[in-house]
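Q: The residues making up each chain are set out below.
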Amino acid sequence: MSAIHPDEINAGRLTGAITLDRPQVIDERTGDGTLIDDPAVRAPLVLNNRSLHDISNIVCGYVEDKPGGWWLVMLGLTAAIAGIGTLMIAYLLITGVGVWGLNNRVDWAWDITNFVFWIGIGHAGTLISAILCILKQKWRTGINRAAEAMTIFAVICAGTFPGIHVGRIWFIWMVFPIPDSMGIWPNFKSPLLWDVFAVSTYFTVSLLFWYMGMIPDLATLRDRAVIRLKAAASGPTVLPFIKLRVDQLRAWIYGFLALGWRFSNRHWQNYEKAYLLLAGVSTPLVLSVHSIVSFDFATSVLPGWHTTIFPPYFVAGAIFGGFAMVLLLMIPARELYPNMKDLLTLRHLENMAKIILVTGSMVGFAYTMEFFIAWYSGNKYEADVFMWNRATPPWINPRGAPYWWCYWTMIFCNVISPQAFWFRACRTSPLMIFVISIFVTIGMWFERFVIIVTSIHRAFIPGQWGMFYPTPVDILTFVGTCGIFLFLFLLFLKFLPAFAMSEIKNVTPQASPHEHH
Amino acid sequence: MAKKHGKIYKTSAGEVVYGIMAEFATPADTYHAAEKMRDAGYRNWDVYSPFPIHGIDEAMGLKNSRLPLVVGVIGLSGAAVGFTFQWWVATHGFATVVQGKPLGAWQPFIPVTFEIGVLFTAFTALLSMLAFNFLPMWYHPLMKKERFLRVSDDRMVICVEARDPNFDPKKTAALLESAKGYNVELVEE
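These protein sequences, in sequence, are chains A and B.
First residue of the first sequence: 1, per my numbering; consecutive thereafter.
First residue of the second sequence: 518, per my numbering; consecutive thereafter.
In short, the hints are calculated from the structure, not lab data.
Just to be clear, a hint being listed does not mean it is correct.
[Stated by the list, open to error] Below, computed lysine to aspartate or glutamate pairings styled on EDC-like, alpha-carbon distance capped at 16 Å:
no., chain 1, residue 1, chain 2, residue 2
1, B, Lys580, A, Glu272
2, A, Lys341, A, Asp32
3, A, Lys230, B, Asp574
4, B, Lys661, B, Glu694
5, A, Lys273, B, Asp574
6, B, Lys661, B, Asp574
7, B, Lys687, B, Glu663
8, A, Lys341, A, Asp54
9, A, Lys380, A, Glu370
[As the list claims (entries may be wrong)] Across the chosen pairs, the derived CB separations fall in these ranges:
no., chain 1, residue 1, chain 2, residue 2, range
10, B, Glu706, A, Ile184, 55 to 63 Å
11, A, Thr204, B, Thr528, 43 to 51 Å
12, A, Leu276, B, His657, 19 to 27 Å
[Said to hold, decoys possible] Some residues of chain A that are not near chain B, with every Cβ distance over 10 Å (derived):
no., residue
13, Gly76
14, Ala82
15, Leu87
16, Gly101
17, Pro177
18, Lys189
19, Ile355
20, Met362
21, Thr368
22, Ala383
23, Thr428
24, His457
25, Ser502
For each residue, glycine too, the CB sits at the ideal point set by N, CA and C.
Kindly generate the complete structure, drawing on both the sequences and the hints.
A: As structure tokens, this is what we get:
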């Protein structure tokens with residue numbers, strides 16, 4: 001970019017006198033300019049030669065402009081679903097865990113399945129924000145904010161289940177090391193307690209990371225509100241009969257949250273260091289969280305759970321399921337919000353599809369390995385779990401597993417369906433990615449169900465065998481958490497900057513100080 | 518801000534001068550202007566930009582941030598406190614034999630030690646970032662300038678404070694202008 005004042009550039013672009021000078025190579029099939037394979041051309045991260053001002057306008061526009069009609073409809077719908085879930089939780093707490101389909105044989109089922117499902121979904125956000133930051137993957141800037149938000153909301157849903165599954169919620173404080181007159185302390189040698197610490201640390205650190213990343217963008221929202229306040233003597237008010245201007249409210253709230261950030265480079269220096277350190281600790285943290293979740297199972301002596309492959313297998317599965325959820329949320333958002341395709345390009349989707357392919361294949365490898373080791377170890381119980389409690393349908397052999405269809409749903413969704421991403425046409429088709437992401441999300445839920453329920457529904461002696469059937473309360477509680485998750489995400493899209501503006505601006509070509517004409 | 522050196526400058530309207538600011542068109546201009554200000558020996562000045570300009574630390578002559586040291590020390594102390602606490606609980610506070618293992622066996626304490634270390638590190642990273650930057654600070658003279666507010670959008674600004682020993686309204690303004698600065702103006706306290 002030549003040394004023209006930004007005002008002149010903006011004015012020139014509006015009148016058509018200036019076109020920013022980067023030629024774009026447009027992919028003919030998809031019409032997207034980021035899918036360039038020519039090694040001599042660096043694929044742009046932001047499409048349509050957006051200026052810094054355009055980026056602020058697009059992202060702040062999602063907050064400042066009236067959302068589409070769909071937003072309010074969806075908000076109402078998800079709020080209703082979340083409300084039903086909350087009622088189910090209240091019913092459970094008042095009545096007891098008997099309202100779920102648990103019994104003496106299967107005493108962990110949907111509760112822990114849902115917990116592991118949601119906590120796994122959270123992992124994609126931290127992977128994008130922390131691990132890709134350390135690996136200097138610049139494309140993360142287009143997706144990290146939304147993925148981090150998704151992480152936090154998913155961990156909120158996840159944390160609900162261990163909390164309510166104890167039955168007597170008023171004793172939940174005993175999992176925390178709180179000094180009490182009984183002199184009782186938690187058992188720090190239990191993986192279940194490690195889990196409490198892992199999940200609560202994960203939530204807290206993700207929240208801090210998310211908030212710190214948002215400080216500059218909140219300051220942008222604040223400054224834009226203040227500029228509008230000064231420019232016009234009157235403007236839209238909060239409510240017709242309340243004289244407070246919306247921009248005044250924005251200036252206060254975003255101003256409070258931005259902590260007086262003023263984009264000083266002396267500040268940026270400390271900020272970048274702190275951000276890198278947070279990314280540095282979040283990287284082992286995200287790997288540790290799902291490892292510790294897997295210890296809940298792996299440290300037991302139950303066939304099907306007692307395996308050393310669990311920690312890496314769980315982490316790969318978590319990233320796999322998490323990316324699918326990011327895509328499920330962002331592909332519709334990309335269609336519904338104006339200009340979002342410039343910031344969240346097909347290349348972002350393609351990259352995420354590649355990660356789904358890699359992690360899906362890792363999960364497939366883990367499934368195969370579990371089977372192989374069950375046979376190779378010579379452990380009869382282990383082999384029986386895989387052969388007769390999971391894989392073989394009862395219509396092939398009467399000894400077979402009543403839950404066979406869960407197992408094969410999992411295999412189809414998690415191992416077979418992502419293989420479509422070997423084909424570029426599938427990786428660059430949002431519809432195809434969306435459909436496969438639905439499969440992956442279903443498959444990852446079934447993975448946890450298969451691991452938990454099929455391992456415990458047939459214990460060592462047949463007298464301990466039984467089935468688990470979900471009750472309506474089971475189902476509605478899970479559906480309710482989906483509502484909570486989407487409700488929070490919709491609020492996020494409306495009230496917080498959905499893209500990391502300062503980070504996107506930093507990776508645009510015009511941000512480089514070395515491009516001096 | 519209290520003035521430590523020399524005289525107090527006032528605008529023609531009689532207001533105390535906080536400093537002098539100039540806009541720059543591109544990150545490259547800002548970068549080179551920062552080098553000029555550094556070489557001219559200014560100390561109380563700053564570059565404002567919508568994103569951290571690559572390599573600006575050297576151009577401004579900033580020393581390395583000591584933030585990682587603080588974060589490292591407190592993070593490791595947190596891990597140590599976490600470990601000691603678990604050991605105390607397992608051997609003194611509520612000594613219970615679990616699975617026939619020695620009371621003070623260290624291995625099971627590692628996951629929680631790690632988590633507590635991470636927790637301390639994360640809090641220290643955010644809080645020390647704020648402390649090093651004297652934030653939160655909801656009032657600042659620059660924020661009264663509408664031109665300055667556009668830094669959060671797409672502008673780059675250099676501001677030299679009046680308390681800088683080298684500050685002189687005319688000479689500093691001339692230097693900023695010679696470094697391709699636009700819209701040079703005084704900022705009221």
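Q: State for each hint whether it applies.
A: Checked hints:
no. : hint                            : verdict
1   : B/Lys580 x A/Glu272             : 14 Å, holds
2   : A/Lys341 x A/Asp32              : 9 Å, holds
3   : A/Lys230 x B/Asp574             : 34 Å, violated
4   : B/Lys661 x B/Glu694             : 22 Å, violated
5   : A/Lys273 x B/Asp574             : 12 Å, holds
6   : B/Lys661 x B/Asp574             : 26 Å, violated
7   : B/Lys687 x B/Glu663             : 23 Å, violated
8   : A/Lys341 x A/Asp54              : 13 Å, holds
9   : A/Lys380 x A/Glu370             : 14 Å, holds
10  : B/Glu706 x A/Ile184: 55 to 63 Å : 59 Å, holds
11  : A/Thr204 x B/Thr528: 43 to 51 Å : 47 Å, holds
12  : A/Leu276 x B/His657: 19 to 27 Å : 26 Å, holds
13  : Gly76                           : 33 Å, holds
14  : Ala82                           : 29 Å, holds
15  : Leu87                           : 34 Å, holds
16  : Gly101                          : 31 Å, holds
17  : Pro177                          : 7 Å, violated
18  : Lys189                          : 4 Å, violated
19  : Ile355                          : 24 Å, holds
20  : Met362                          : 23 Å, holds
21  : Thr368                          : 28 Å, holds
22  : Ala383                          : 26 Å, holds
23  : Thr428                          : 29 Å, holds
24  : His457                          : 26 Å, holds
25  : Ser502                          : 5 Å, violated
In terms of the numbered hints stated before, the structure departs from hints 3, 4, 6, 7, 17, 18, 25, listed from lowest to highest.
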